[in-house]
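K.L.:
Generate the whole structure from the sequences, applying the supplied hints.
If you count by our numbering, then the sequence shown holds residues 1 to 434, one letter each, in order.
Hints are not guaranteed to be accurate.
[Stated by the list, open to error] Simulated pairs of lysine to any residue, SDA-like, Cα-Cα distance not exceeding 20 Å:
#, residue 1, residue 2
1, Lys127, His227
2, Lys127, Phe22
3, Lys127, Gly206
4, Lys127, Arg21
5, Lys127, Leu138
6, Lys127, Trp26
7, Lys127, Leu36
8, Lys127, Ala211
9, Lys127, Val219
10, Lys127, Ile222
11, Lys127, Thr175
12, Lys127, Ala32
13, Lys127, Leu108
14, Lys127, Ser146
15, Lys127, Asp214
16, Lys127, Leu46
17, Lys127, Gln181
18, Lys127, Gly235
19, Lys127, Ser48
20, Lys127, Leu232
21, Lys127, Ile31
22, Lys127, Arg218
23, Lys127, Ala116
24, Lys127, Leu205
25, Lys127, Gly223
26, Lys127, Arg202
27, Lys127, Gly70
28, Lys127, Asn215
29, Lys127, Pro216
Simulated from the structure, these hints should not be mistaken for lab results.
Predicted model only: the values in this text are computed from it and were never measured.
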Amino acid sequence: MSDAATTTSDMPKEQSGSSARFYSIWLIAAIALIVLPLIFSSGGSLTSFSLIGIAIIFALSYNILLGQTGLLSFGHAVHYGLGGFIAVHAMNAVANYNWPLPLPFIPLIGGIGGVAFAILVGWVMTKRAGTVFAMISLGIGELVASSSLILRSMFGGEAGITTDRTALPHMFGWTFGPQLQVYYLIAFWVMISAIAMYALTRTPLGRICNAVRDNPERVEFIGYDPHVVRYLAYGFAGFFAGIAGGLAAINFEIANSAYLGATQSGLVLFAAFIGGAAYFFGPILGAILVTYLQLGLTNLTTVWQLYFGIIFIGIVMFAPGGIAGLLMMHRPLIRAGSLGMVIPSYLMAAIPTLALALGVILSIETVARYTASEGEGNIINLLGIPFNATAPVTWIVAALLVVGGFLVARLTWRRVAEAWDRAATVARDRGYLA
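P.N.:
Next up, the structure:
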């Protein structure tokens with residue numbers, strides 16, 4: 001009886017503790033967004049942070065479909081692009097007719113454009129899920145992307161439509177000309193959109209979306225229409241994708257057909273899946289990684305898309321839960337205090353795994369540059385070491401790194417598996433792992 005009374009009295013304390021942790025996470029995120037440009041104040045850093053913020057909203061909107069409702073879309077960039085075009089047209093109209101609409105409200109207009117198209121086509125698209133939905137989304141995405149080159153009054157053809165964000169009414173004395181002010185505008189919408197999308201996952205609609213993802217037949221049995229649930233989720237995803245497109249139009253001051261293309265849809269799919277669609281923060285991690293890889297690899301190699309494909313294949317084969325899934329796997333070990341049993345094995349496996357990765361990179365760059373130069377010499381700098389793409393020693397080193405790294409890595413990762421089993425057993429005995 002006393003144990004039950006003690007347990008009941010502890011429940012409010014546990015709830016208040018979880019609420020404090022919940023609000024502290026959002027507070028830390030807001031402080032980080034404010035402080036980041038003060039620490040990294042260069043123009044390149046501000047541009048990168050702005051692109052990451054836009055990618056985060058876009059990836060979270062996509063995860064409403066993929067992670068929450070189980071809808072694989074190959075044309076999500078349609079809502080992103082249409083939101084950008086609607087935002088550009090709205091900015092030009094405000095500047096031409098002197099409407100009292102400040103720039104911070106323009107992303108909302110982009111969101112309205114994204115959800116309007118979702119309402120228009122979503123009812124037919126969401127009648128079926130799975131492969132049918134994926135193929136329809138791909139077809140509609142390609143249809144709109146090709147139409148953007150034909151309907152010049154709306155999309156401006158190949159050149160797109162430009163605008164001037166400083167021509168709109170100023171707000172609090174901000175002209176939004178400097179990149180720093182644009183960054184803070186994007187950061188504001190990142191927080192608002194992320195909180196709104198997280199709140200959506202906690203609503204009855206968000207819960208029933210998860211049920212439709214897992215077992216639509218049972219959802220229909222208890223009285224809900226899976227088609228309507230998918231349609232509502234598709235509308236919310238289109239709205240937040242339109243907000244991301246509106247922010248992209250503000251950041252670049254242009255909207256063109258690239259916003260609508262399959263490449264844009266592929267990048268957001270990579271971000272959501274690589275980050276981990278099963279967790280809310282997974283697409284955030286994926287958006288950060290994909291954006292940085294896109295910015296960094298495009299300056300280093302001409303075959304940067306190949307690296308995206310290799311990373312995606314590796315995640316699918318060895319970590320289906322994404323980066324977030326890998327991190328959350330260690331949570332029971334941390335709580336049980338048994339993570340230290342795995343760390344030495346991780347460090348041992350890191351060396352041959354790194355050698356394998358370097359061998360793959362050297363092999364790809366050697367083949368790519370040798371082919372591009374048609375046999376002429378081309379220097380590859382790998383960790384500061386120059387390699388000639390036509391020299392036999394380069395091919396030998398690449399083969400040794402790939403073969404040797406793979407064989408040794410297999411042995412060391414077996415040690416990791418054994419150490420993981422021991423650590424998981426300790427966590428299970430202490431009640432932290434089911």
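K.L.:
For each hint, tell me whether it holds in the structure or not.
P.N.:
Do the hints match the structure? See the list:
1. A distance of roughly 5 Å separates the Cα atoms of Lys127 and His227; the hinted pair therefore holds under the 20 Å criterion.
2. This hinted pair does not check out: Lys127 and Phe22 have alpha carbons roughly 36 Å apart, beyond 20 Å.
3. For the suggested pair Lys127 and Gly206, the alpha carbons sit about 19 Å apart, so the restraint of at most 20 Å is met.
4. With a C-alpha separation of about 40 Å, the suggested pairing of Lys127 with Arg21 is violated against the 20 Å cut-off.
5. This hinted pair checks out: Lys127 and Leu138 have alpha carbons roughly 15 Å apart, not beyond 20 Å.
6. The hinted pair formed by Lys127 and Trp26 fails the criterion: a straight-line CA distance of about 36 Å is larger than 20 Å.
7. With a C-alpha separation of about 44 Å, the suggested pairing of Lys127 with Leu36 is violated against the 20 Å cut-off.
8. With a C-alpha separation of about 16 Å, the suggested pairing of Lys127 with Ala211 holds against the 20 Å cut-off.
9. Straight-line distance between C-alpha atoms of Lys127 and Val219 comes to about 15 Å, which keeps the hinted pair within the 20 Å bound.
10. A threshold of 20 Å between alpha carbons decides the hint, and for Lys127 with Ile222 the separation of about 19 Å falls inside it, so the pair holds.
11. Simply put, Lys127 and Thr175 have alpha-carbon atoms about 45 Å apart, too far for the 20 Å limit, and the pair is violated.
12. Restraint check: the Cα-Cα separation between Lys127 and Ala32 comes to about 42 Å, which exceeds 20 Å; the hinted pair is violated.
13. As the CA atoms of Lys127 and Leu108 are separated by approximately 28 Å, the hinted pair breaks the 20 Å bound.
14. For a cut-off of 20 Å, the pair hint linking Lys127 to Ser146 is broken: about 25 Å separates their Cα positions.
15. The suggested pairing of Lys127 with Asp214 holds, with an alpha-carbon distance near 17 Å, which does not exceed 20 Å.
16. At roughly 42 Å between alpha-carbon atoms, Lys127 and Leu46 are farther apart than 20 Å, so this suggested pair is violated.
17. A distance of roughly 43 Å separates the Cα atoms of Lys127 and Gln181; the hinted pair therefore is violated under the 20 Å criterion.
18. The straight-line distance between the Cα atoms of Lys127 and Gly235 is roughly 14 Å, inside the 20 Å bound, and the hint therefore holds.
19. Taking the CA atoms of Lys127 and Ser48, the gap is about 39 Å. The hint is violated against a cut of 20 Å.
20. Taking the CA atoms of Lys127 and Leu232, the gap is about 12 Å. The hint holds against a cut of 20 Å.
21. Annotation: proposed proximity of Lys127 to Ile31 is violated, straight-line Cα distance about 42 Å (limit 20 Å).
22. The suggested pairing of Lys127 with Arg218 holds, with an alpha-carbon distance near 17 Å, which does not exceed 20 Å.
23. The straight-line distance between the Cα atoms of Lys127 and Ala116 is roughly 18 Å, inside the 20 Å bound, and the hint therefore holds.
24. Of the pairs offered as hints, the one joining Lys127 and Leu205 holds, with about 18 Å between alpha carbons and a cut-off of 20 Å not exceeded.
25. Under the criterion of a C-alpha separation no larger than 20 Å, the hint pairing Lys127 with Gly223 is consistent with the structure, at around 17 Å.
26. Our distance criterion of 20 Å between C-alpha atoms is broken by Lys127 and Arg202, whose separation comes to about 24 Å.
27. Proposed proximity of Lys127 and Gly70 is supported: the alpha carbons are some 13 Å apart, at most 20 Å.
28. A C-alpha spacing of about 15 Å is found between Lys127 and Asn215, which places the hinted pair at or below 20 Å, so the restraint holds.
29. Using a Cα cut-off of 20 Å, the hinted pair Lys127 and Pro216 holds, with the two alpha carbons roughly 12 Å apart.
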